[in-house]
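2 protein chains.
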Amino acid sequence: MGKQYRDQEYLVKIGKRIVEIRDLRKITQEKLAELTEIDTRQIGRIERAETNVSISSLKLIADHLKISVSDLLDFSKSIEK
Amino acid sequence: MGKQYRDQEYLVKIGKRIVEIRDLRKITQEKLAELTEIDTRQIGRIERAETNVSISSLKLIADHLKISVSDLLDFSKSIEK
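Sequence lines, in order, name chains A and B.
Heads up: the first sequence begins at 1 in full-length UniProt numbering, then just goes up one per residue.
Heads up: the second sequence begins at 1 in full-length UniProt numbering, then just goes up one per residue.
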């Protein structure tokens, strides 16, 4: 793995944003885990900013939340239902 | 590490985008490595899509390329000099 360069504040924003969009889409953590084939516990860790998510995992999550990664990371952008 | 969920095509786009912006900013790989404190070889691996970059590393790279991660990942968006 090598050295980690974590930006905790940024990870927290991303986690909260995922929860916000997931709730809006009425998708549970378990359902998102099933759709993305990412472990439910890992989805939880990403949402709680306990892990430095890879861009591929974030892409997979964004795809299944029907949003681009770019829009997911544009925290000021409102989400279309 | 656990299971990897790599989206190779997406990683390639990100790598090319980083090179494009880095060139526009006239920053070498070595200089970007120095600025971000990410190993030069790792910068190379990210640019060649040989690694699944973490969101924190991407944030660090974007910050030093004076672009938001959201804009870096919006491949259609033109870059301001």
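Hints are not guaranteed to be accurate.
Because identical chains share one entry, a pair is satisfied inside a single copy or across any pair of copies.
[Said to hold, decoys possible] The calculated lysine-lysine pairs, modelled on DSBU-like cross-linking and capped at a C-alpha distance of 30 Å, are:
no., residue 1, residue 2
1, Lys31, Lys81
2, Lys66, Lys26
3, Lys13, Lys66
4, Lys31, Lys66
5, Lys66, Lys16
Calculated from the structure, these hints are not laboratory results.
Here the structure is a predicted model, which means the values were calculated and not measured.
Hint-by-hint comparison with the structure:
In this homomeric assembly, Lys31 and Lys81 come within 30 Å of each other (Cα to Cα) only inside a single copy, at 18 Å, whereas the closest approach across copies is 42 Å. With identical chains, the CA atoms of Lys66 and Lys26 are at most 30 Å apart within one copy only, with a shortest distance of 12 Å there and 36 Å across copies. Taking CA atoms no more than 30 Å apart as the test, Lys13 paired with Lys66 passes in both settings, with 19 Å inside one copy and 20 Å between copies. Only within a single protomer do Lys31 and Lys66 lie at most 30 Å apart by alpha-carbon distance; the minimum there is 14 Å, versus 37 Å between protomers.
Taking CA atoms no more than 30 Å apart as the test, Lys66 paired with Lys16 passes in both settings, with 17 Å inside one copy and 24 Å between copies.
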